[in-house]
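Student: Sequence:
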Amino acid sequence: MEDFHSKLINPSEKTILFPLPLQTEKPTKILECDEKTPDAHVPRDSRLIRLTRVHPFNCEAPLSVLYDSGFITPTELWFVRNHGAVPE
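Residue 1 is where the sequence shown starts when you use the numbering used here, and the numbers rise one by one after that.
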């Protein structure tokens, strides 16, 4: 425990205390369920859990993915909730 605290106090050492998860690929294709929505031009990750069916897009990342990534939301699963149109 003392070694851990000394590394926090002395950041000059190049030690990774909490390794970041590996980055996966960004989604590139439009999902079939999004094809007839106003924001159909936005590719989305199929792992997202949709809370409001298809539209408006309101979702969350699966707990298993968050757990595997050290409870840091992976970039491709992060989104901003928006009540307006998504710009193209």
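Each hint should be verified, as a subset may be incorrect.
[To be verified] FRET-style restraints, in silico, Cβ to Cβ:
#1 Leu-22 with Ser-46: 30 to 38 Å
#2 Tyr-67 with Pro-87: 20 to 28 Å
#3 Glu-60 with Lys-29: 30 to 38 Å
#4 Pro-56 with Leu-22: 15 to 23 Å
#5 Gly-84 with Pro-27: 20 to 28 Å
#6 Gln-23 with Val-80: 29 to 37 Å
#7 Pro-38 with Gly-70: 33 to 41 Å
#8 Glu-60 with Gln-23: 31 to 39 Å
#9 Ile-30 with Leu-66: 30 to 38 Å
Simulated from the structure, these hints should not be mistaken for lab results.
All C-beta atoms in this analysis are idealised placements derived from N, C-alpha and C, irrespective of residue type, glycine included.
Student: Any hints from earlier that this structure breaks? Give me their numbers in increasing order, please.
Tutor: Going through the list in order, the structure violates hints 1, 2, 3, 4, 6, 8 and 9 and respects the others.
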